[in-house]
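In terms of the working numbering, the sequence shown is residues 13 to 189.
Calculated directly from the structure, the hints in this document are not laboratory data. In this text, a Cβ means the ideal position worked out from N, Cα and C, and glycines have one as well. Honestly, I wouldn't trust all of these hints.
Using C-beta positions, here's what the derived DEER-type ranges look like [said to hold, decoys possible]: (1) N73 x E112: 54 to 60 Å; (2) I189 x Y116: 20 to 26 Å; (3) R91 x F25: 24 to 30 Å; (4) T162 x Y103: 53 to 59 Å; (5) E112 x A76: 50 to 56 Å; (6) E21 x A76: 47 to 53 Å; (7) M111 x S38: 40 to 46 Å; (8) R101 x G146: 18 to 24 Å; (9) K94 x G146: 51 to 57 Å.
Below are the BS3-like pairs computed for lysine-lysine, each with C-alpha atoms no more than 30 Å apart in a straight line [said to hold, decoys possible]: (10) K180 x K167; (11) K165 x K155; (12) K164 x K180; (13) K171 x K155; (14) K150 x K165; (15) K165 x K175; (16) K155 x K177; (17) K165 x K180; (18) K150 x K167; (19) K164 x K177; (20) K175 x K150; (21) K177 x K150; (22) K175 x K155; (23) K164 x K150; (24) K94 x K60; (25) K155 x K167; (26) K177 x K167; (27) K164 x K175; (28) K150 x K171; (29) K165 x K177.
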Amino acid sequence: MKSKQIICEENFFHDLFMDYYPSLLSFACYYVEEEVVAEDLVQDVFVKMWEQRGRWKAVENFSAYVYQMVRFRCFNYLRGEKLREEMMRSYREEKVDVMEANRYMEEEIFRLVNQAMEALPPTYRQVITMSMEGYRVKEIAQKLNVGEETVKKRKQAAKQVLKEKLGKLYLFLAPLI
13 MKSKQIICEE
23 NFFHDLFMDY
33 YPSLLSFACY
43 YVEEEVVAED
53 LVQDVFVKMW
63 EQRGRWKAVE
73 NFSAYVYQMV
83 RFRCFNYLRG
93 EKLREEMMRS
103 YREEKVDVME
113 ANRYMEEEIF
123 RLVNQAMEAL
133 PPTYRQVITM
143 SMEGYRVKEI
153 AQKLNVGEET
163 VKKRKQAAKQ
173 VLKEKLGKLY
183 LFLAPLI
């Protein structure tokens, strides 16, 4: 069962809330310009006041005190929002930079692979190209009208040339061949 003191404090606090909430909400809306956010901020202030109710009873000018608390809470919120927006802007810019770098690397890898492919003898290039298109050794042999061993040798020789020309970039190409 609640003590009489707690009940009195709750009633007093309820009356304060009812008296001040509408004007504090309007005051907070002036700063944050969003009623839903302002409602949360004002309610946060009242929760804090309830938690620290032993302190504010000694305040001489309660009205100024509570308005000051709401104003500070609004400023803290706005400061946090500004920081969040700056971080998001920075993240988006960084993401764009990374995307541009990735696009550049893809284009450069593609250019180097094409250059290496063009340097292959035509018969090797044909076998590698068909292999990258998904044809099997037997199918390549049939299409080129050569033996399967010839296709295997050309493919192996082409891979060796590409490894030498591309170095570590060959690792990007190897799964496709």
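For which of the previously enumerated hints does the structure constitute a violation, in increasing order of number?
6 and 8
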